[in-house]
Amino acid sequence: MQTNGKVAEFSTGRKRQIILRRLSPFLTVLLLLLLWQGVTERQIISRILVPPPADVYAAFTAALADGTLAKHTMTTLGEMMYGLLLGVGIGLVLGYAIAKAPLLEYVLSPIIVAFQSTPIVAYAPLLIIWFGTGPSSKIVTTAVIVFFPALVNAIVGIRSVSPPLRDLMRSLNAGPWLTFRLLELPSALPVILAGLKTSATLAVIGAVVGEFVGSGSGLGVLVIMARSQYNTPLVVVTVLTMTVIALSLYGLVALVEWRFLVWQRRAAS
Amino acid sequence: MQTNGKVAEFSTGRKRQIILRRLSPFLTVLLLLLLWQGVTERQIISRILVPPPADVYAAFTAALADGTLAKHTMTTLGEMMYGLLLGVGIGLVLGYAIAKAPLLEYVLSPIIVAFQSTPIVAYAPLLIIWFGTGPSSKIVTTAVIVFFPALVNAIVGIRSVSPPLRDLMRSLNAGPWLTFRLLELPSALPVILAGLKTSATLAVIGAVVGEFVGSGSGLGVLVIMARSQYNTPLVVVTVLTMTVIALSLYGLVALVEWRFLVWQRRAAS
Amino acid sequence: TNERILLTFIPNVQFAPFYLGIQHDVFSEAGFDVALEHLQEPEVLDLVAVRQANYGIVSGEQVILARSRGRDVVYVFEWFQQYPVALVHASDLDLSDLGALRGLRVGIPGRFGASYSGLTTLLTSAGLNETDIELNEIGFNAPEVFCLGAVDAAMVYANNEPLQIRNLAAAGECGDLDDVGLIMVASQVDLVSNGLIVNRGLLEESPAQIARMVGALRDALQITIDNPAAAYLASLPYVDTLPADDALVVALTDAAAQQQEFLADNPTRSEVAASRRALAEELSEQFDGAALAQFHVLLNSIDLWDADALGFSDLASWEAMRDTLALMNLLGEELGDLDAAFSNEFLAVSDE
Amino acid sequence: MRLSVENIEVSFPGPAGDLLPALGPISFEVADDQFVCLLGPSGCGKSTLIRVLAGLLSPSAGAAYCDRELIQRPLAEAAIMFQDTNLMPWRTVLDNIALPLEVAGMSRPERYGAVRKLLPQLNLENFELAYPAELSGGMAQRVSLGRVIVQQPQVWLLDEPFAALDALTREALSLELLRLRARSRQTIILVTHDINEAVLLADRVIVMSRRPGALVADIPIDLPRPRSAEMIYKREFLQLAKRIRNCIEDQRA
Amino acid sequence: MRLSVENIEVSFPGPAGDLLPALGPISFEVADDQFVCLLGPSGCGKSTLIRVLAGLLSPSAGAAYCDRELIQRPLAEAAIMFQDTNLMPWRTVLDNIALPLEVAGMSRPERYGAVRKLLPQLNLENFELAYPAELSGGMAQRVSLGRVIVQQPQVWLLDEPFAALDALTREALSLELLRLRARSRQTIILVTHDINEAVLLADRVIVMSRRPGALVADIPIDLPRPRSAEMIYKREFLQLAKRIRNCIEDQRA
Ligand SMILES: Nc1ncnc2c1ncn2[C@@H]1O[C@H](COP(=O)(O)OP(=O)(O)OP(=O)(O)O)[C@@H](O)[C@H]1O
Ligand SMILES: Nc1ncnc2c1ncn2[C@@H]1O[C@H](COP(=O)(O)OP(=O)(O)OP(=O)(O)O)[C@@H](O)[C@H]1O
Ligand SMILES: [Mg+2]
Ligand SMILES: [Mg+2]
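Chains as they are written, first to last, in this note's numbering: chain S, 1 to 269; chain V, 1 to 269; chain Z, 1 to 352; chain B, 1 to 253; chain P, 1 to 253.
No lab work stands behind these hints: they were computed from the structure.
Mixed in with the good hints there might be a few duds.
[Unchecked claim] Derived Cβ-Cβ restraints for the label pairs, each shown as a range:
#: 1; chain 1: V; residue 1: Ile90; chain 2: B; residue 2: Tyr65; range: 19 to 29 Å
#: 2; chain 1: V; residue 1: Val244; chain 2: S; residue 2: Gly134; range: 31 to 41 Å
#: 3; chain 1: S; residue 1: Trp130; chain 2: V; residue 2: Arg266; range: 44 to 54 Å
#: 4; chain 1: Z; residue 1: Asp339; chain 2: S; residue 2: Leu33; range: 48 to 58 Å
Even glycine gets a Cβ: it sits at the ideal position worked out from N, Cα and C.
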């Protein structure tokens, strides 16, 4: 009887916590909205710089109705996705290679860091001449920026794999692919996912900055056009769209984390 | 005798490897220089886009002689350092807090991701009104961009601390600070350092992009000034300076890694 | 008083009047301790609009756009008398009839800003549509992109990029391109150009202060026009990357002193313009293109600034600009009376 | 110090969200300065019980007391040796053993001095700079034991401290333990699977049932002290060992 | 299969960059299908020797052979049980035991079937979905043993397989091991610290010296098979145990 009562109590407590957790991001957003409304209503910051929610909502419905928002969003989404695939893909593969052959890190680090730390303006002409003004140049800028977090976290993740477990896989005569799939990937997953969280949020910036260099459509173009037309509500709409994209990507990674790291949660509880 | 021979062999082998490792980044740089020279000599890429090393060297000595380079570099370095301290500091502290109270992640993620994924153009006016056109606005942009990798890696690092070791510290009645210093920090260090590697290389971008918004000096200003005068050699000099800064920071983190992760290397060998 | 003037872009020899104004105490004699800051154009405008700064330099187009979105700024001094944007093309391409643009690849930084307005004006006066050409958003990379043949023509700032392209062509970096042709937007329509803006609030509170500022700016601009060598020298402390080896500095210092004497005789505007050309020729015998590139940019700019009466803008140029923007569908709802957008009255006041 | 366990039960959340009983209900008292050995089948909850006594786990029901005070958090006077060695991989042997002293705020020379005095007893003299990954299983276990000894606790909670050690080292270390205790009497609870070891060391042997572990037998060991290895062949010793073995074997059914 | 060890030495790099001898030189042969128990003081190199035989570590000098072939990489016919349980924390008990089958390319239903047949013997029936962090020490060790059994190896390399188990479980599992072996004879090398266990199980007991471990005694155990737990009280058994104990104790000096 007593035990049964406890089971019940235990699981309702857990359920309540899960619901709270699911709701909390929305509560935050609601809170931010209220804050925003308050700030603009009391003119704490000039409405020129921070337009009230109502104006932004109007701009949003307008941009939605005439298809502007959808068009630019699709462009940026496409660039981002390819950029992410490319950058994260190369980052993970190279990270794996470096983890296996540390000398590679020493050899490649000058190139890699140079890539990562050079602002795009500096090689904008090259970018346009090599990749044109179409999506490919934005895919490149996105790939360049998302590549690095994927890389360094892959290195650390793979390097932290427990040596005794490596011995175990060796003793089972597991080849590189099986060792990767059954040992290295699951073991490095938490760290790799952290890298992907960074990559996911940087991807938006990468695509948008690529669009700044020269582009006909995309959220980066839209934000500059809106800005140059002093259409601040549309700027905010565009930025919020970027945020929603970034949040969705982040959420996706968080979901994978939640799904695959059951064991870590169970061990910690 | 035999054993002694082996000791000798063993340590010369190790020494040779260490030397190779130390030299390899320089070899890479040398190789790149040769490649660069070749590319410009044979005009594979127009000299307009990629000036020959000799021109760049001339621009370098000139910029060095008249103090331009030093001045702008110091500006950017200063902004970067403060930005790094601020961003990484907040990132680590917040990451620690989130690792301890997972609900915080759900509450804060919309804000944090929004910050990270919003291009600076969108909030440039606010930035300038609040922080002026001096160094502080660049410190903020740097902090914003370096914050995220530090944050997510701190979260994962602290979360991965072995629960039995946590029990050990609890059994010793260690307070939060001692637990952090003696258990959490060393245990999370590899992952945190990976985050710092990303932060270190992003810091340059952060400061430079902040300078783009509006500034009188700094490498970002220099690169645009050079760009607007179509002084491509000077553009390259500036970019290389950024790369050197990023590489030094990266190297610094790598050094800390090397110094503090002896045990991991010994365990893996 | 301490006064911020917000300039656009980055430190550049094109802002020589402001550097000279400070160096030669023109601003301080008018009672201003001026600090210059460089920002992106929308930021300049917004900061003036919310009175974070009193003075800013933006193009007239921005004033109309911003006013249509509730920013009450007033344009009080037209700095560029000619709209500085032009279309650059290879000289062997015959564009004497603008209709020949049809089907060409035209480079433009993006669908925003002065270049876009300029292009639209050109297309309109040629009876063309945006869809009739192949528009390429190439960012601010026109010289390279054009030189390497990725576009047939490009929208540029007349005082800078064409010069760069010519230099590149002279160095044999542009294939078989030997010279470029320029079609000034100003040659088709008079559009309002860059100038000084203030906030409506300031205008109502202290018109006298604005008059003093306008006067000072006009004086500084006049000195720059009259004595470019002095202006170039005054820019050196502000624009780190200006070519300035010792020989050039010596030559310019001499030239500036000579010009001072020459000016004592109250030469006419065209005589002064001739003296500038003479100086340019004299210097080009002594120095190569790279060393003089930025000085030439200054001289080209002066050609866009120079006028009989500095600072005046007329309603027609504002109307032309507004019509262009309306055509481009860029304006917001709150477009009020164009008369409120600018004012020439401070020029008159400062004359007294 | 006096430990008492009253109707303790521990359950863990199972995979299906249900609760799996892991221990108890079990009650017993350990008098001041008693040496108690815990015996019981694998998975019966011995380690869980030790963790409750160490204040690391709150029981699902019942309570544990130390000197009549409810154990709610780890006690300063108690030290626990975990079943797995639980060393910090980034610390050398020296620093691992010195950890409790570092937590207590002792200066580096002091704590290194204290640890170095201990190393010969543990047979680890030449390994003070070795990292855990470079130790054999038994060496790691000795490091872990050293980490308890260095705390000079009033209450020792030892979870299979000698499992990975050979007979000789085991004997040497357990006699060392008795010697330490003879000088200043302490309360010790030691989990072991070795009946002879239990009889040799304990004042009292507690035998637990299969999971969830309840108390099966509580056998006082009234052999004279000081004890020595030769006692193993004495009749009383053999009888006690036999009796314990029977208690354990009775559960086979 | 036939194992032979010829003048094997293993050294590890020490903290100062020097080389520390950890094992040997040691030589012996294990005939086809022999059951050998390895005994030796803590840190003498038993685990190291096992790792060499498993092909996980190349000796600094000497060589190990399996059926006359040099052991250079892990053999498909051999399975090793590590001293620490070495489970994958992200895999359930079921998946941990099934790992070798997964590596061998067996389909999921097949390998789960095979593992589930094994669980009752290991007394882990209700824990197939538990994660390693939720197991007791002895349970984890049984999972680790299961991972070896499931491979049905020709050569068993067992490093203290029963150290964390209570006497009853230990006995049950070691007899299970003998039973498995009786059906299809295999070569087994088992490291243990329990002399009785060694005598009960082995055809031959090898006693190693202190680090670096050399061969001290090689004692054939000619007790009849099948063996059973009662034999422990037989005279021959006691004599053999005594002899081994003496070999070990002789090293105390
Ligand atoms: N963190 C946990 N989560 C879920 N179940 C657990 C956890 N820790 C222990 N258990 C379960 O509690 C029971 C008792 O475990 P405990 O470690 O106390 O056993 P033990 O008596 O020490 O066994 P052994 O002699 O094998 O070490 C086991 O069935 C185990 O599966
Ligand atoms: N990776 C390593 N690096 C350095 N030294 C090592 C390493 N592994 C083992 N050693 C050393 O080798 C020696 C033998 O170790 P090994 O693990 O083989 O001992 P063992 O006989 O199994 O001892 P135990 O019974 O305690 O498990 C020990 O002194 C140990 O310190
Ligand atoms: Mg236990
Ligand atoms: Mg061992």
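Now for the hints, and whether the structure bears them out:
1. V:Ile90 x B:Tyr65: 19 to 29 Å: Because 45 Å falls outside the window, the suggested range is violated.
2. V:Val244 x S:Gly134: 31 to 41 Å: holds (33 Å)
3. S:Trp130 x V:Arg266: 44 to 54 Å: holds (46 Å)
4. Z:Asp339 x S:Leu33: 48 to 58 Å: Check failed, 40 Å falls outside 48 to 58 Å.
Violated hints, listed in ascending order, are 1, 4; each of the other numbered hints is respected by the structure.
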